[in-house]
Each structure stands twice: as structure tokens, then as C-alpha cells.
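Engineer: What follows is the residue order along each chain.
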Amino acid sequence: AQTVTQSQPEMSVQEAETVTLSCTYDTSESDYYLFWYKQPPSRQMILVIRQEAYKQQNATENRFSVNFQKAAKSFSLKISDSQLGDAAMYFCAYRRARQLTFGSGTQLTVLP
Amino acid sequence: DAGVIQSPRHEVTEMGQEVTLRCKPISGHNSLFWYRQTMMRGLELLIYFNNNVPIDDSGMPEDRFSAKMPNASFSTLKIQPSEPRDSAVYFCASTARVGVDTQYFGPGTRLTVL
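Chain order of the listed sequences is A and B.
The numbering used here numbers the first residue of the first sequence as 1 and each following residue consecutively.
The numbering used here numbers the first residue of the second sequence as 113 and each following residue consecutively.
Here chain A stands alone, though its shape is the one from the complex (with noise of 0.2 angstroms):
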């Protein structure tokens, strides 16, 4: 069974800094989906990045971006000049096939 593991249950990072979100995740597989998705106290998951593991490029939304080391299962966020809005739970998830796996999630405090 896939595991995903987020060993930061909380972070924080000042406003307008740089902060990175860990994610290492345990597959025998080598072609999957790993997401980041956001969720913010009003509850709703909204995906933040994607990136599929035949590509070796890292993926990159906006001031969000990844650093995929697919020999290491590791796929950690960057958040790049952190804004308040940013501030959420944010969860790491592995997808093969229909299975989607979450991990525990880390929380984001953004500090003014």
C-alpha cells in the first residue's frame, strides 16, 4: 500500500518570506500523480500544484513550485513570498490510478 508521510505537523513563515512544506511518500510504482492540495478554514480542498512523475521538470504555479526527487520519494512545496492568504492546511497526495492517498497534512501559519 502507497504511504504518504508529512513530518511537519505545523510550520510558519513570515509574510513575503520563502517557506518549503515536506513530502516523502513509499511506492513500488513509477508512474503516478503527486498533488498538493490547500485547505483553508473554510474547509474546501482546493489543489495548489500537480506534477506527474514521468517528467523530470518540477512543476510550477505562480509563487508556488516543487522540488520532485523521484529517486528519494520526496516531493516537497515552496512557497515563494508568502502572503496571509496562504495560511491553510496543507496536505500532500499520491495518486496511482483511481487511489488517491493523502498525508496527514502540515499547518501553515503566515506571520504579519
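These are calculated hints, taken from the structure and not from any lab test.
Cβ atoms here follow ideal geometry from the backbone N, Cα and C, with glycine treated the same way.
Treat the hints with caution; some may be incorrect.
Some chain B residues well away from chain A (every beta-carbon gap over 10 angstroms; in silico) [said to hold, decoys possible]:
hint: 1; residue: Lys136
hint: 2; residue: Ser143
hint: 3; residue: Leu155
hint: 4; residue: Arg176
hint: 5; residue: Pro196
Examples of chain A residues lying across from chain B (beta carbon under 8 angstroms, computed) [stated by the list, open to error]:
hint: 6; residue: Ser42
hint: 7; residue: Arg43
hint: 8; residue: Leu47
hint: 9; residue: Val48
hint: 10; residue: Lys78
hint: 11; residue: Phe102
hint: 12; residue: Ser104
hint: 13; residue: Gln107
Facing chain A, according to a computed beta carbon distance under 10 angstroms, are these residues of chain B, among others [said to hold, decoys possible]:
hint: 14; residue: Glu126
hint: 15; residue: Phe145
hint: 16; residue: Thr207
hint: 17; residue: Gly218
Dock chain B against chain A, hints included.
Structural biologist: What follows is chain B alone, placed relative to chain A:
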């Protein structure tokens, strides 16, 4: 696009009552997923439909839970009878092509069973 729509957003009920949660997937999406989120267990997949047909319900906790998808634009998750341990946030998600495309989540329904 309005995204995935769920109703109600909040539901408070008493133990033993029937609860029905509703979901409208994104138009054109042919796969729909129901998840449950609790502090203890995180996000769990309950059931998954493809083209209105239940494909995998192995995550449904017990017979008190049932889900239907009578058409491509509507699904329900029913709990009968409800118990306090069913209290959770229930999410519906949809995707255009299962296993390929991203799952988009609805806003969730926060269920409290007293």
C-alpha cells in the same frame, strides 16, 4: 464553471436519524468520489463512481452507509441510522478521466451527529 457543489454545507442531527448528503459534480466529469475527513483518520475514500456505476465501495464503513448516482449530475451519500462517530466533514470530488486527470473537490459538508 461552478465547480463541485455540495449540500448542505452544515448538518446537525440527532443519533438515529437519517442523513442525506448531496453532490453535483463538474459538468462533463464522469468520475465521482466521496471522502470523509476526521481528525483521527484524516481523509478517507469512501466510494468511487465511474459513469454513474459504483466501482469501489470498499471504503464504506458499514451497512449504515449507502451511496447512489442516479445520473451524471447528481449523487447522494446516505447514513441511516446516524451515530455520533459519523461526525466528520464529507467531501465529494469529481474528475474527467479517472487515473489521469486531477480530482476537484467540493466545499464539503460538515456533519455533526449528537
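Engineer: Are the hints correct? Go through all of them and say.
Structural biologist: Hint by hint, here is what the structure shows:
1. Lys136/B, annotated as away from the interface, keeps every beta carbon of chain A farther than 10 angstroms; the closest lies near 15 angstroms.
2. Under the 10 angstroms C-beta cut-off, the non-interface status given to Ser143/B relative to chain A is violated; the minimum distance is some 7 angstroms.
3. With a least beta-carbon separation of about 4 angstroms from chain A, Leu155/B fails to lie farther than 10 angstroms from that chain, contradicting its non-interface assignment.
4. Every CB of chain A is more than 10 angstroms from the CB of Arg176/B (nearest about 23 angstroms), matching its label as outside the interface.
5. For Pro196/B, the condition that its CB be more than 10 angstroms from all CB atoms of chain A holds, with the nearest at approximately 20 angstroms.
6. Hint on Ser42/A holds. Least Cβ distance to chain B is approximately 7 angstroms, under the 8 angstroms limit.
7. Proximity of Arg43/A to chain B holds as hinted, the smallest CB-CB distance being about 5 angstroms (cut-off 8 angstroms).
8. Among the interface hints, the one on Leu47/A holds; its C-beta lies about 6 angstroms from the nearest C-beta in chain B, closer than the 8 angstroms criterion.
9. A least Cβ separation of about 11 angstroms between Val48/A and chain B goes past the 8 angstroms threshold, and the interface hint is therefore violated.
10. The interface hint given for Lys78/A is violated, since its Cβ lies 20 angstroms from the closest Cβ of chain B, which is over the 8 angstroms cut-off.
11. Taking 8 angstroms as the C-beta contact cut-off toward chain B, the hint placing Phe102/A at the interface holds, the least distance being around 4 angstroms.
12. Taking 8 angstroms as the C-beta cut-off, the interface hint given for Ser104/A holds, the closest approach to chain B being about 6 angstroms.
13. Because the closest C-beta pair between Gln107/A and chain B is about 12 angstroms apart, greater than 8 angstroms, the hint is violated.
14. Violation of the interface hint for Glu126/B is found here, the shortest Cβ-Cβ separation to chain A being roughly 23 angstroms, above the 10 angstroms cut-off.
15. A least Cβ separation of about 8 angstroms between Phe145/B and chain A falls short of the 10 angstroms threshold, and the interface hint therefore holds.
16. Because the beta carbon of Thr207/B sits about 9 angstroms from the nearest beta carbon in chain A, less than 10 angstroms, this interface hint is met.
17. Taking 10 angstroms as the C-beta cut-off, the interface hint given for Gly218/B holds, the closest approach to chain A being about 8 angstroms.
The structure does not agree with the numbered hints 2, 3, 9, 10, 13, 14 stated previously, though it agrees with the rest.
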